[in-house]
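Given next are the chains, with one letter for each unit.
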Amino acid sequence: MALVYQIPRNCLAALLVAQLAVLAPHLFRLPLWVSAVAIVCAMWRMLLYTGRGFYPSGVLKTLLVIISIVAIVREYGNLFSLEPIIALLITTFALKLIEMKSRRDVLVVIYLAYFVAATHFLFEQGIVDALYILVTAALVTGSLVALHETEERPALTHAFSAAAKLIAQAIPLTVIMFIVFPRIDPLWSVPGAESRAKTGPSDSMSPGDISNLAGSSDLAFRVSFDGNIPPADQLYWRGLVFSNFDGRRWSADSNKSAEMSWNQYVRSVSMDTTKLSDASNYTVTMEASRQPWLYAMPLARSNTKSVLQAGNATLRTIYPLDQRFQYQVNSWKEYVLEPELDDYRRSIELQLPKDFNPKTVELARKMRAESRSAEAYVQSVLGMFNREQFVYTIRPPKLGTHSVDEFLFSTRSGFCEHYASSFVFLMRAAGVPARVVVGYQGGELNPFENYLLVHEFDAHAWTEVWFQDRGWQRVDPTAAVAPERVESSINELLAEEIVENSALPFFNLRELPMLRWARLRWDSVNYSWTKWVLNYDTELQMQVLEEWLGQVNGWRIALFVLLSGGAVLLLVALSLLRQKVKHKLHVIDKCYLQHVRAVERLGVSRGQGEGADTLAARIGSQHPELADSAKRIAHLYNSIRYNTKPAQQAPSDLQRKLRNEVRQFIRLSAMQKRKVAAQSGDRFAATAS
Amino acid sequence: MVLQLAIQQRFAAWLDRRIPRSGEITLNQRRIFIFPSRAGLVFLLLVLGLLLGGINYENNMLFSFAFLLLGVFLITILHTYSNLSGLTLRSTAARPTFAGDFADFELVLSRSGLRRYEGIRFAWADADPVTADLVKGTQKRISIFVPAPNRGVLKLGRLLVETYYPLGLIRAWTWLDFDAKCLVYPRPEISRAELQSVAEANDEGSYTQQHGSDDFAGFKDYVPGDSLKQVAWRNVAKGLPIMTKHYQSQADHQIWIDWEQFDGEDTETRLSRMCYLVLFAEQQAMEYGMRLPGLSFPPAIGTLHKLQTLQALALYGQKR
Numbered sequence: 000m001a002l003v004y005q006i007p008r009n010c011l012a013a014l015l016v017a018q019l020a021v022l023a024p025h026l027f028r029l030p031l032w033v034s035a036v037a038i039v040c041a042m043w044r045m046l047l048y049t050g051r052g053f054y055p056s057g058v059l060k061t062l063l064v065i066i067s068i069v070a071i072v073r074e075y076g077n078l079f080s081l082e083p084i085i086a087l088l089i090t091t092f093a094l095k096l097i098e099m100k101s102r103r104d105v106l107v108v109i110y111l112a113y114f115v116a117a118t119h120f121l122f123e124q125g126i127v128d129a130l131y132i133l134v135t136a137a138l139v140t141g142s143l144v145a146l147h148e149t150e151e152r153p154a155l156t157h158a159f160s161a162a163a164k165l166i167a168q169a170i171p172l173t174v175i176m177f178i179v180f181p182r183i184d185p186l187w188s189v190p191g192a193e194s195r196a197k198t199g200p201s202d203s204m205s206p207g208d209i210s211n212l213a214g215s216s217d218l219a220f221r222v223s224f225d226g227n228i229p230p231a232d233q234l235y236w237r238g239l240v241f242s243n244f245d246g247r248r249w250s251a252d253s254n255k256s257a258e259m260s261w262n263q264y265v266r267s268v269s270m271d272t273t274k275l276s277d278a279s280n281y282t283v284t285m286e287a288s289r290q291p292w293l294y295a296m297p298l299a300r301s302n303t304k305s306v307l308q309a310g311n312a313t314l315r316t317i318y319p320l321d322q323r324f325q326y327q328v329n330s331w332k333e334y335v336l337e338p339e340l341d342d343y344r345r346s347i348e349l350q351l352p353k354d355f356n357p358k359t360v361e362l363a364r365k366m367r368a369e370s371r372s373a374e375a376y377v378q379s380v381l382g383m384f385n386r387e388q389f390v391y392t393i394r395p396p397k398l399g400t401h402s403v404d405e406f407l408f409s410t411r412s413g414f415c416e417h418y419a420s421s422f423v424f425l426m427r428a429a430g431v432p433a434r435v436v437v438g439y440q441g442g443e444l445n446p447f448e449n450y451l452l453v454h455e456f457d458a459h460a461w462t463e464v465w466f467q468d469r470g471w472q473r474v475d476p477t478a479a480v481a482p483e484r485v486e487s488s489i490n491e492l493l494a495e496e497i498v499e500n501s502a503l504p505f506f507n508l509r510e511l512p513m514l515r516w517a518r519l520r521w522d523s524v525n526y527s528w529t530k531w532v533l534n535y536d537t538e539l540q541m542q543v544l545e546e547w548l549g550q551v552n553g554w555r556i557a558l559f560v561l562l563s564g565g566a567v568l569l570l571v572a573l574s575l576l577r578q579k580v581k582h583k584l585h586v587i588d589k590c591y592l593q594h595v596r597a598v599e600r601l602g603v604s605r606g607q608g609e610g611a612d613t614l615a616a617r618i619g620s621q622h623p624e625l626a627d628s629a630k631r632i633a634h635l636y637n638s639i640r641y642n643t644k645p646a647q648q649a650p651s652d653l654q655r656k657l658r659n660e661v662r663q664f665i666r667l668s669a670m671q672k673r674k675v676a677a678q679s680g681d682r683f684a685a686t687a688s
Numbered sequence: 000m001v002l003q004l005a006i007q008q009r010f011a012a013w014l015d016r017r018i019p020r021s022g023e024i025t026l027n028q029r030r031i032f033i034f035p036s037r038a039g040l041v042f043l044l045l046v047l048g049l050l051l052g053g054i055n056y057e058n059n060m061l062f063s064f065a066f067l068l069l070g071v072f073l074i075t076i077l078h079t080y081s082n083l084s085g086l087t088l089r090s091t092a093a094r095p096t097f098a099g100d101f102a103d104f105e106l107v108l109s110r111s112g113l114r115r116y117e118g119i120r121f122a123w124a125d126a127d128p129v130t131a132d133l134v135k136g137t138q139k140r141i142s143i144f145v146p147a148p149n150r151g152v153l154k155l156g157r158l159l160v161e162t163y164y165p166l167g168l169i170r171a172w173t174w175l176d177f178d179a180k181c182l183v184y185p186r187p188e189i190s191r192a193e194l195q196s197v198a199e200a201n202d203e204g205s206y207t208q209q210h211g212s213d214d215f216a217g218f219k220d221y222v223p224g225d226s227l228k229q230v231a232w233r234n235v236a237k238g239l240p241i242m243t244k245h246y247q248s249q250a251d252h253q254i255w256i257d258w259e260q261f262d263g264e265d266t267e268t269r270l271s272r273m274c275y276l277v278l279f280a281e282q283q284a285m286e287y288g289m290r291l292p293g294l295s296f297p298p299a300i301g302t303l304h305k306l307q308t309l310q311a312l313a314l315y316g317q318k319r
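Quick mapping for you: the protein sequence lines, in order, are chains A and B. Those letters in the first sequence? Residues 0 to 688, per numbering that gives the first Met the number 0, in order. Those letters in the second sequence? Residues 0 to 319, per numbering that gives the first Met the number 0, in order.
Accuracy of the hints is not assured; some may be wrong.
[Claimed, not checked] Below, computed lysine-lysine pairings styled on DSSO-like, alpha-carbon distance capped at 30 Å:
#, chain 1, residue 1, chain 2, residue 2
1, B, Lys-305, B, Lys-219
2, A, Lys-332, A, Lys-304
3, A, Lys-95, A, Lys-164
4, A, Lys-164, B, Lys-154
5, A, Lys-589, B, Lys-135
6, A, Lys-164, B, Lys-305
7, A, Lys-353, A, Lys-365
8, A, Lys-353, A, Lys-332
9, B, Lys-139, B, Lys-154
The set of hints was computed from the structure by calculation and includes no laboratory data.
Isolated chain B, as found in the complex (with noise of 0.2 Å):
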């Protein structure tokens, strides 16, 4: 047990060396490798046979048809490994996803000629590998689908990049390191109680959804992630900078989502119904703030607020 956990991690050691972490990878003969596969094999026991056979029948043309298939499979070896490299991957940042998901990792396939790529193979951790080809065009983006059981960073190891075409005799392999990470917030779950209580909150201001109705209070600045029904396009048009137009009703019915208010439950169930609390606030445009041990987001409302308030849930308790 030891000693295979001391060569694992030697050969992550290596690995790490050999190819290291990177967001765009070309593929070239330092980092492909490439041996027969089990078809290979059998295939060479095959060339074997009819070998032993031009042998004891002393008949040259099995000898011939011997040598053809070896040298088809060295041939091979040559058109798998072009099958690799020259590809150039690239991976872009996971969006967020929710625990129990899956985590959507896009690889972006490129070329620089117009080599063909075929059958080639993506496997991610636990992901359901991906089977993909750059035929047509110079670039391909495709998406593993990775499960994101937990709550926090999912951090992926290396990506392992396998071809077998064009025969299936011989595999050509890497391992690249994107050092690719997804945020992976808790499972919204569902309060009857916190609803309810929101439910009472709103209905004692009396508020309605119509802004128009409400007095006006004055600009905001504009930060991204604001309703773009609320910038004063008038102003953008008269060439003033982007500014938001806020209402005086919508101060006025903000709810807290409160780590307290969740006592008795346990951390991760807390974080749950928290984390249900502000997709539900955001999905109903009430203004909204958060109370976590330590960290206090004010009232707000918008994208923004949003990710940095499911990000903290997210985060919460976790090393950094």
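This is chain A alone, in the form it adopts within the complex (with noise of 0.2 Å):
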């Protein structure tokens, strides 16, 4: 006699839920028909849940794995990457829901929910993702429970309130295991979440990309100082650095030259970084940008593994940011960086596009003849800027073939990209070697924590010009026609433009106070998030575990996990073993029994198993004038309690009238009490006279 398995009600509702929690965060970042096939599923299952409904058959279930297959490959090109493989293991979490009828389906469709919960944290690992995974673990655990129920009827709650708790408990040892498990190196490499939006500046610049940087209010990266801040003039965030123009677009140069000048780059490092003093050292947090590139105040020099130094001293990484990388810096502010140019060098820090721009050239040519130097040259360009009606705007116009013509001749407005180009433009035709940096500039102090938050609104474009022994230095355009921009923020400077710009309705609102209180104590959390946790590595593990146990070694840290480990298990062993349900009293009980109290402190005491009507007999024989009061309740409580009467009253009248007549009794009782006392005391005065 062969029972056939029901899977219990409670479970597979706790799985619905379950479920939906874990898809949630994954759906959008799902193409839109793998959602559909998640969401057609769980409808699916619950036809089967409400009974009506028809299981898939075999032929049906091998059509709709191969279809998903197939449709995952020619949506993502390939299966071996992340999301092609998370969008498989998604569908089949979903089309196994279906299927499941045994004990077995059940496990895999939960243990597959676990997996599935996990892998938001290959995309997310904010404060507020950590407690909505830990919810959903909680609501997987609850279907778990739901499973091994026995009880006729559970109510749904108990299972969810079980897992719960379960979930509670494991959060000590979780903490504990967190701090000394040993992180070590990959064991093998990964593939990476690739089709998250790329952000901050990219490999190349054309006319209007800073500009729409200037539009977003994300986080581009935190940086914390392990001194003082330095002026806002000196936080020039470079990141990338431009030879390359093809008259419109600025780009990396892509030939051998950067490895050539890398060597070139650690000679001159090497050469002056003994002779300089006075580094700020700081560890910059950068933002999951999904670029390499890293940001720095020049000169730069990290020790901080997997970062790379490219040839012009920027730095980057081998890989695209999937997530928050942080990385230690040591800034020097008197620097030579490249004090001799090679011819080839120099042909490629000239280089310009032929027959670009006539009309710049040729003044450029009779602006370098006026100057003496190249230096002088560069300070009657920048005076140029500076002098002429030069206007600083978000939305410039646009600009044709000749875009540096028409810019410095005709429209004359423009954002700092516009500046950086047509001023490398300026020097480069007249033989002076220049190119254009990107990064941010600037940044906003959160004072909670002390250190400062730069925004994708403060990427920027400025200039290097290369002098002879003196190597490269800084020339921002942008500062001669709009020094504000340097001393303020871009969303201060530019305010109104940018809320009529953005397709942000509520930027200006970040600058009221209590907003901008909020915003930056909400970040301080999430960046101590960030420092403590998600970039607690081997390094901040031994400072941890040395500060707490005074010395790392194996037997310290045993000692420290069972002891810490062991007393979570004690405890709850305590609580589990000693569970005991108290005994709940009825609202009217506990009311009869402040009664009863106000009885006994008159002198009368209850006996074993008194009723209320001998009771009440007994207290109006003692205390004649609380026989009435006394009556009542007795009266009022045996009514409810045992309904000698059938109440006209709904019980919830009857029990205030029971809390009333109680209130009163002991208000009377007091009185009563006092009497007494008073007259004894009488007596007493009457024997002393």
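Now that you have both chains on their own, put them together as the hints suggest.
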């Protein structure tokens, strides 16, 4: 007699809730049709749950699986990078839901649910995400509890609350393991997330690129300094250096010279750092930009693992940043970068497209001829930007083929990339090596944790000009047009324009004091989370363990784990083994017991199992003043508790009445007690006299 | 084979020392065994997978998630353990049954505190396992129906009590020896010829069921199992000891259920037919005597007589 296994209904209900929670954060990342499949499967299961619908046949299932795999491969082009794998995982998860019949199937679905929930962390790792996944884990665990419940018709909440308790008890253990588990290097390389939009400057710069970033208030990176934060006009976060110009687009020098100059760079730095002093040390925490560039103040050197130093003294990583990345930087304010420029390098830094912007070329030659030196020429160009009617705006007019000519001689309004671009053009046209630098400028101070927040709207383009012996020197033509740009943030400077321009309707609300406070506070919490949790690595681990244990060795760590973990388990065990459900008194009984206590204060004690009526009678005989009140209470209590009289009033009315009566009785009895005391006092006084 | 047997014997002996035979057992750490279930081992693989993900992606959140699940696993050990510990089990005597039927072994679960016990599975011999819980009240009775294929005494080995609650990751179990036994009567088997002869015997004796029309023969001491209709209630009301009234006619109409009657059949068939006749006579309220080799029951009627004769049939030829 084989009984057909029935999945507990509560388990199914819990599983549907858990599945929804698990899938929700993925739905926005997945192709629409995968989300649709997941939702259809959940609804299908819902139909099965309510007793309608049918289980898919074997052929249909096979067909669905094949279609899904083909569709995923078509969607992503391959199957073995992170997104398609997760899409496949979720499709499997959804399809498994509708064929689930046996207990084993349910286990497979639940384990998959844990896995899918965890994959959210490959994309997001914020505090809110962590809390959300914690709740999700509790929901999934709840369906596991519901699978093993045997009570008849248990409440769904019971499984969830049992799971929540389990999760809550597991959290201290999680923390202990998190602290002591050794962080080892990756065992093999894994496919990363690719689909996420890249943020921040890209590997080239065309007019309008930087001004697009100005509308975004997303965080680019955070910087915390070991010492004082340098003044605003030094906060130039170098990221990319562009030497190659095609008339419209600036891009990095793509040929071999990068490697060559890398050697030169190393030479120049190693030569100079010994002489240099007064480095500022700071830690940068980049948001996941999906780009490999890192930002630092010149002249930067980083000892952080997996940070590369490129030839033009910029920093980068090997792979694009899929998650927050933290690196240490030393920067020297005084430096000489590439004091010598050989012919080849010079030709690169002087490269210009032929037959472009003839008017500008002419102007450059003329102005250079009028200047005594390269330095003087730079000054006269900056002076021109400053003197003449140039406008700094986020919405410059579109430019045609001879973009620099048009900008310099007709439109005369542009954003930083226009100034940087035309300035470098003017330099190169006059034979002065120059290049465009893209990065961020400035930063917002978070007073709660004393660090800088650099946002996307701080993106900036400026230039570097090469002088004999002095090497590359920063020149910011935007500062000549709008010096305030360097002193204050772009969104203060161009607030109105940005608000009109921006897709964010509440952009200006950022600066309301209350919201600003809340924003900075929340950011400081997030920063601590990043610093202490997300970037908890071997180094930090050693630091923490050393501080707690005095000295890090196997014995101490083992002892720490045993003691702390043991304490947690012991507490849980005690709470489990001592678990006793409190005997809950009914409201009515509580109320009546108050009355009984008042009676006892009067010196009338209630006998074992004495009924309300007899007690009332005894009170009446000893304290005639309270007789009526006591009788009424006894009557009310009995009629509620034992329903001696079919009450016309609603039970809640009677309850209220009883409460009032008891209150009154307590008052009366207190008066009575005082009276008795006074009488005995009189008697005492009488005997004394 | 020999080795396996030796190991089994060793284990049985160890178990006997550790959890000795008893009528009532409260489960405690001495008696509860605990180990991850298969689902639990797969769960650990899942944790390992997440851990590898954490290492390879250098993702501290994946680490945390893996540790959280590992923590849940560890905590569950305690929960599963506490789902058995403190539970008291008592086995009550099973009512005799007939061969080919089921023996109803009753277990009484009780708890001293108000701790919840859920999803506890009881497996005994060949019986379908029973899953029970103890959530409300302090006591619960559950029946385990064990097939009783053969006549004689059905002795059960150890009772397996196990639980996977709450997550199915951990199995906590114990083997309890309640010395549970059940008397199994022969399977009643109808015999036309014998029924015929019994019916004839009744006709000859003009048996009548109306006791009132018979001659009163006297009082006898009440024996448990006597019909309550025959009790002399009037005397009882006067405060005299309980007696039963006896009538002449009953004594006249007797049948004998005799081993020798079934000559030519094998032992079990004989016993089965005799068993049927005992039940038949009892149902027809006729007095019956029974003869087995070396054993004889004088004619009588009543539950006690029935039980004695049936027991004799059940135990016939069995080693003590």
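Exercise. Just pull the numbers of the violated hints for me, sorted ascending.
Key: Failing hints, ascending: 4, 6 and 8.
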